Structures are given as C-alpha cells and as structure tokens.
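J.: Residues per chain are reported as follows:
Number of protein chains: 2
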Amino acid sequence: MQNLRIPGPTACPPETLAELSRQMINHRGPEFADMQARIMERLKLFFRTQNEVYVMTCSGTGVMEAAIVNTLSPGDRVLSVSIGEFGDRFFDIAEAYGAAVTKLAFEPGTAADPKAVANALAADPGYKAVLVTHNETSSGVTNDINAISKAIRAVNPDILLIVDAISSLGCIPFAADAWDVDVSTTCSQKGFMIPPGLAFISLSPRAWKAYESSTIQKYYFDIGKAKSYAERGQTPFTPAVSLYYGLDLGLEMMDKEGMEQVNARHAAIGDYTRAKARALGLKMLAEGPHASNTVSSILVPEGVNAGELLKILNTDYDTVLASGQGKLTGKIVRIGHMGMTSREDIDAAIDALEKALDRLGYKKPAGVGA
Amino acid sequence: MQNLRIPGPTACPPETLAELSRQMINHRGPEFADMQARIMERLKLFFRTQNEVYVMTCSGTGVMEAAIVNTLSPGDRVLSVSIGEFGDRFFDIAEAYGAAVTKLAFEPGTAADPKAVANALAADPGYKAVLVTHNETSSGVTNDINAISKAIRAVNPDILLIVDAISSLGCIPFAADAWDVDVSTTCSQKGFMIPPGLAFISLSPRAWKAYESSTIQKYYFDIGKAKSYAERGQTPFTPAVSLYYGLDLGLEMMDKEGMEQVNARHAAIGDYTRAKARALGLKMLAEGPHASNTVSSILVPEGVNAGELLKILNTDYDTVLASGQGKLTGKIVRIGHMGMTSREDIDAAIDALEKALDRLGYKKPAGVGA
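Sequence lines, in order, name chains A and B. Position 369 of the first sequence, counted from 1, bears residue number 369 in our numbering, the numbering being contiguous throughout. Position 332 of the second sequence, counted from 1, bears residue number 332 in our numbering, the numbering being contiguous throughout.
If you are wondering where the hints come from, they were derived from the structure by calculation, not from laboratory data. Computed from a prediction, not measured in an experiment: that's the story for all the values here. Hints may be right or wrong, so weigh each one.
If several chains are the same, the list does not tell them apart, and a pair holds so long as it fits within one copy or across any two.
Stated by the list, open to error - The calculated lysine-lysine pairs, modelled on BS3-like cross-linking and capped at a C-alpha distance of 30 Å, are:
{"hint": "1", "residue 1": "K225", "residue 2": "K128"}
{"hint": "2", "residue 1": "K209", "residue 2": "K103"}
{"hint": "3", "residue 1": "K128", "residue 2": "K103"}
{"hint": "4", "residue 1": "K103", "residue 2": "K311"}
{"hint": "5", "residue 1": "K327", "residue 2": "K225"}
{"hint": "6", "residue 1": "K283", "residue 2": "K44"}
{"hint": "7", "residue 1": "K227", "residue 2": "K311"}
{"hint": "8", "residue 1": "K256", "residue 2": "K364"}
{"hint": "9", "residue 1": "K209", "residue 2": "K44"}
{"hint": "10", "residue 1": "K225", "residue 2": "K283"}
{"hint": "11", "residue 1": "K227", "residue 2": "K327"}
{"hint": "12", "residue 1": "K283", "residue 2": "K209"}
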C-alpha cells in the first residue's frame with residue numbers, strides 16, 4: 001500500500017472512508033439537518049469558539065476567499081503577513097478582490113515576528129485587517145497567532161485578524177475566542193481524517209459587523225446565506241453530502257479522543273518525525289517552537305537532487321513525500337504527519353528515505369546514530 | 001431502503017458509491033493526472049464539445065457563478081431568461097456581480113418562447129449576454145436551447161449564450177457546439193450517478209475571448225487558473241478526490257452505455273413516470289415536448305395539502321419527493337428521475353403516492369384506469 005505522506009490530502013482511516021459510500025439523502029430533509037447540527041456543534045469545540053462554524057463545499061482556498069469577500073471592501077488597507085506560499089496566496093486573494101494590500105514577508109523557514117507586525121501597523125493607522133497563516137504548509141513553520149494577536153491589538157484593538165488555519169486547526173492548538181481571532185478558516189483533508197471537498201469558517205462578532213458593511217461582490221461564498229440556511233438546518237447550495245458523512249464520524253472520533261489528546265498526538269508525532277530525520281544526519285528547515293507538528297521540512301543534503309529523490313521514493317518505495325514550493329523548490333522535501341499518522345507510517349517513510357538517499361550517494365555524517 | 005426521488009442529489013448505484021471509499025492519492029501526482037485526463041475527455045463527449053471541460057470542487061451554483069464572473073464585467077447588459085427558481089438564481093448571481101440584468105420571465109410551468117427572447121434582444125442592441133436554464137428543476141420544464149440559440153443569433157450573432165444545464169446535461173440531449181452555446185455548466189449529482197460536490201464548465205472560443213476582457217473580480221472560480229493547471233494534469237486548488245473516483249467510474253459506465261442510449265433511457269423513464277401519474281388521475285404541471293425527462297411536477301389535487309402529503313410519504317412510506325418552490329410551493333410535488341432510476345423505483349414511488357393520497361381523501365376521477 002502507498003505510504004502517502006504529503007501535507008494533505010492525508011491518508012484517511014478506513015472508518016471514515018467507509019462512511020463516504022453511504023447512499024444519498026435529501027439535503028433539505030430532517031436527517032441532513034440533524035447531521036449538520038451535530039457537525040456544527042463539534043466544529044465549535046475544535047475552533048474553540050462560541051460562534052457558529054459554517055461548512056462550505058469547496059477547497060481550503062474557497063474559505064480563504066470567503067474570509068476576504070465577507071469582511072472587506074474594495075480599497076480597504078490590508079496587511080498581509082507571509083512566511084511562504086500560502087501566505088502569498090492570501091495576499092493574492094485580497095488583491096484580486098480590490099483590497100489595497102501590503103505584504104510583510106519573512107524568510108522561508110522562519111516564523112512571523114509579532115513585533116514586526118505590530119510595528120507595521122503602528123507605522124500606518126489606516127489598516128483595517130491583518131491576514132496571517134497559522135501553519136505555513138509550504139515550509140513547515142507555525143506562527144504564534146496568540147502573540148501576533150496580542151501585539152496587534154496593543155496597536156489597534158479593532159483591527160480584523162483573519163487567519164488561515166488550514167493545516168493547523170484540528171491538529172495544533174488553536175483558540176479562536178481566547179486569541180481574539182476574527183475570521184478562522186480550515187478544511188476537511190488535514191486534521192479531520194477525511195478527504196478534501198469541505199471547508200469551515202467562523203466569524204467573531206467584530207467580523208460579522210464588518211460583513212454588514214462589506215461591499216465586495218459575492219454570491220457562492222456569501223456567509224450571510226450560509227448563516228440563514230444553517231438556521232433552518234440546510235445549506236444554501238447542494239452540499240457534498242458524502243463528505244458530511246465522513247466528517248460526522250471523523251469529528252465523533254476526535255471528540256471521543258478529546259481535543260487535548262488530539263493536539264498531544266500531533267505534537268508527539270511531530271517530535272518523533274524530526275528525531276527520526278535527525279538520526280539520519282538530516283537537518284530540518286525549522287527547529288524549536290515554530291517547527292510545525294503537522295508537516296516537517298527536511299533540507300535536501302548537498303549533492304542530492306530533490307526531484308530524483310522524490311521520484312525514487314515514489315517509484316521504488318511507494319512512498320509519496322511533497323516537494324518544496326516557490327523559493328524552497330529543490331531545497332526541501334516535506335513529510336506530512338497530520339490526521340491519522342502512526343509511528344509505523346513515519347518509520348516506513350524514513351526507512352524509504354534512508355534507502356533512497358543511499359542510492360543517491362548520501363552518506364550519513366560520522367557520529368550520527370539512530 | 002429509502003426511495004429517494006428528489007431531483008438531486010439522486011440515489012447512486014452501489015458501484016460508484018464504492019469508489020468513494022478509496023484511499024487518498026497525491027492530487028499533484030501522476031495517478032491524479034491520468035484520472036483527470038480521462039474524466040475531462042469523457043466529459044467532452046457528454047457536453048458534445050471540442051472544447052475542454054473543467055471540473056471544479058463546488059455545488060452547481062458554483063459553476064453558475066464561474067460562468068458569470070469569467071465572461072462579464074460590471075455594468076454589462078445581460079438578459080436573464082427565467083422560467084422558475086433556478087432562472088431567478090442566475091439573475092441573482094449576475095446582479096450580485098454588478099451586471100445590468102433585465103429579467104424576461106415566463107409563467108412557472110411554461111417554457112421560454114424563443115421569439116420573445118429574440119424580440120427582447122432586438123428591442124435593445126446593448127445586450128452582451130443571455131442567461132438561460134436548460135431544464136428548470138423547480139417546475140420540470142425543459143427549454144429548447146437550440147431554438148433559443150438560433151433565434152438570438154439571428155438578432156445578434158456575437159452575443160454570449162450562457163446556459164445552466166445542471167439538471168439536463170448527461171440526461172437530456174445537450175450539444176454545446178452544435179447549438180452554439182458559449183458557456184455550458186452542469187454538476188455531479190444529477191445524471192452522472194455520483195454525489196454532489198463537483199461541477200463542470202466549458203467555454204466556447206467566443207467565451208474565452210470574453211474572459212480576456214472580463215473585469216469582474218474572481219479567484220477561486222477563475223477559469224484561467226483551471227485551464228493552466230489542467231494543462232499540467234492538476235487543479236489549482238485541492239480537489240474533492242473521492243468524488244473524482246466516483247465520477248471516473250460513472251463516466252465510464254455512461255460511455256459504455258452510449259450517450260444516445262443514456263438520453264433514450266431518460267426519455268423512457270420520463271414518459272413512464274408521467275403515464276403512471278396520469279393513471280392515478282393526476283395532472284402534470286407540464287405536458288408535451290417541454291415536459292422534463294429528469295424531473296416531473298405533479299399538480300397536487302384540490303383539497304390535498306402538499307406538505308402533509310410529503311410528510312406522510314416520508315414518514316410512513318420511506319419515499320422522499322420534492323416540494324414546490326417559490327410560486328409553486330403547495331401547488332406541486334416533484335419526482336426526480338435522473339441518473340440511475342429504474343421503473344421499479346417509479347412504481348414504488350407512485351404506489352406510495354397513491355396510498356398517501358388515499359389517506360388524505362383523494363378520489364381517483366371516474367374513468368381513469370391504470
């Protein structure tokens with residue numbers, strides 16, 4: 001069986017996959033309404049919020065778009081904090097919808113400095129919103145959203161904090177309310193142990209106020225429609241019912257395990273992955289508190305071609321790792337360890353990596369042991 | 001087992017449902033690229049087009065939005081032909097994105113008159129596009145897109161013809177190229193025998209030219225992104241992989257059966273459903289060439305409460321029909337017969353309907369026999 005170790009879609013447990021084969025129901029009937037109510041209630045636990053969480057049929061990028069189009073207006077000044085490809089994507093979306101966006105970029109592999117974010121806001125009182133990625137999937141770096149929130153609130157208490165928590169929420173601790181996040185977004189194929197196709201979004205009262213005055217044109221991603229239909233147990237447009245079945249069970253499993261334990265499991269597998277990579281003499285792109293517990297970026301050793309390495313892993317060892325993206329192309333390979341990832345999965349991936357590296361002439365440095 | 005007879009999501013055959021439980025693959029790897037290529041090639045058969053057909057992860061409404069935002073600009077004059085709820089939705093989307101939309105409405109239960117559409121265009125040479133629904137799901141009426149296309153081209157050969165073929169394509173004959181349709185849209189949960197969550201869109205060269213000058217803001221539904229990623233075997237954003245598995249098989253089954261036969265099967269089951277309803281002494285909202293072969297609207301007999309009828313069917317006979325919408329609320333009930341619908345499914349639904357009507361005091365008129 002293929003060892004799929006990319007940072008989403010993640011390999012799913014057989015239990016949730018089995019749910020996907022259930023027959024259709026009326027998406028405007030009572031069974032769907034019951035299921036949606038259960039799902040929305042449990043999502044609140046994992047968003048750690050008292051506000052409603054809405055499910056949309058789309059990729060993660062769809063709810064990033066929803067975050068922008070529901071709270072901003074053309075011409076709004078926006079500070080887009082980017083530590084990689086997905087930070088850049090948030091910038092691109094806001095710009096596509098006519099916001100006046102300024103990018104505050106940090107070197108790939110590093111986290112955003114809360115003080116630098118606060119300084120940028122202090123230098124320009126016109127900003128209406130800050131866009132930040134919680135966990136940057138392209139580099140394997142986790143931003144400290146709580147620290148960023150505190151820093152920016154000290155400068156401007158009313159600014160909108162809009163967070164892409166796509167590869168973190170449901171894996172790494174996230175707390176929409178305690179961290180005073182205004183728009184929280186994530187999706188199905190990361191920590192929730194189901195395939196892609198559903199995405200989740202929650203707005204604070206401050207963000208709902210911004211919605212009222214937002215003039216960006218919207219229809220499919222209009223959160224007001226999601227809200228009014230959810231109140232009668234429906235979605236505005238036909239939802240991806242099969243994925244709801246899977247999500248319903250995935251959330252039940254996560255709830256049973258407990259949120260703290262789900263977070264602890266991801267922290268443990270993150271530590272384990274990094275330790276196994278170091279034991280091969282490999283270096284991580286990120287170390288310390290910002291090293292991601294959902295995806296690890298391993299620096300490709302000098303003299304090894306990243307493309308060849310991934311190809312050998314795929315072809316000869318049925319192991320799929322992810323390549324670097326953007327500036328990190330060719331410099332790193334990434335191992336996803338979100339959702340249902342076991343130590344055995346990581347052992348097998350690292351074992352395959354060791355063999356493939358050996359074939360490409362990589363020699364473990366002297367003194368490094370397992 | 002529940003007899004789900006709504007006009008989408010439709011009950012799916014066990015074969016396609018089983019595909020949905022397959023494990024995830026890398027959506028940026030060679031297996032996905034092969035599958036997407038097969039799917040795109042087969043979709044062209046059913047769109048009857050030489051142009052590429054793109055798959056997006058969203059509901060049908062998502063590709064209706066894609067049709068608008070990729071071809072129009074704010075202020076564009078648009079004629080929106082509506083014969084019901086989904087015609088009205090097309091109007092709403094175009095208006096939400098700032099087009100100057102005029103509605104040409106026809107009575108619920110009737111089809112659009114091609115001559116009236118042409119007259120509206122002739123009266124105002126400023127129109128850039130016409131929006132039309134092929135099959136109006138809310139009333140069970142099929143418009144003659146070929147006749148409408150010919151009538152409008154006689155007035156304005158360059159006008160954009162944008163068609164919602166959501167509850168027709170893959171069931172009722174549709175021919176994007178022969179009918180000179182510029183934007184054709186449909187989705188997964190109707191004729192394609194799989195659950196909702198994927199939607200399909202194809203643009204004519206004329207529509208691609210309009211895309212180049214379109215200034216409506218867009219990101220997730222930007223068809224240019226879909227095109228450039230499809231060229232390298234990918235989608236711009238993480239796709240609903242499980243539904244692609246189902247679609248891959250659904251299209252293979254349809255291709256094997258043959259497009260003509262798929263269309264003939266829907267025509268036969270449409271005829272059969274109407275005959276069975278008439279045999280109970282019931283009247284159809286639409287008869288003749290415009291009666292839909294994917295969904296039939298039955299007029300609720302005098303003295304019978306539509307809501308009660310649907311509730312009894314659901315609770316006591318495990319049969320789910322659809323209610324009327326908008327102006328037709330309380331006046332009709334709808335039976336879906338798209339995708340994998342057998343005569344036995346219709347027999348069971350009509351049998352349940354007969355029993356439920358009987359309990360509500362309905363008496364078959366004298367002289368009506370089965």
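J.: Take the hints in turn and mark each one as holding or not.
T.: Hint-by-hint comparison with the structure:
{"no.": "1", "hint": "K225 <-> K128", "verdict": "both (24 Å within a copy, 29 Å between copies)"}
{"no.": "2", "hint": "K209 <-> K103", "verdict": "within (25 Å within a copy, 32 Å between copies)"}
{"no.": "3", "hint": "K128 <-> K103", "verdict": "within (14 Å within a copy, 38 Å between copies)"}
{"no.": "4", "hint": "K103 <-> K311", "verdict": "neither (35 Å within a copy, 55 Å between copies)"}
{"no.": "5", "hint": "K327 <-> K225", "verdict": "between (39 Å within a copy, 21 Å between copies)"}
{"no.": "6", "hint": "K283 <-> K44", "verdict": "neither (37 Å within a copy, 48 Å between copies)"}
{"no.": "7", "hint": "K227 <-> K311", "verdict": "between (46 Å within a copy, 26 Å between copies)"}
{"no.": "8", "hint": "K256 <-> K364", "verdict": "neither (42 Å within a copy, 55 Å between copies)"}
{"no.": "9", "hint": "K209 <-> K44", "verdict": "within (20 Å within a copy, 45 Å between copies)"}
{"no.": "10", "hint": "K225 <-> K283", "verdict": "neither (48 Å within a copy, 35 Å between copies)"}
{"no.": "11", "hint": "K227 <-> K327", "verdict": "between (39 Å within a copy, 24 Å between copies)"}
{"no.": "12", "hint": "K283 <-> K209", "verdict": "neither (46 Å within a copy, 50 Å between copies)"}
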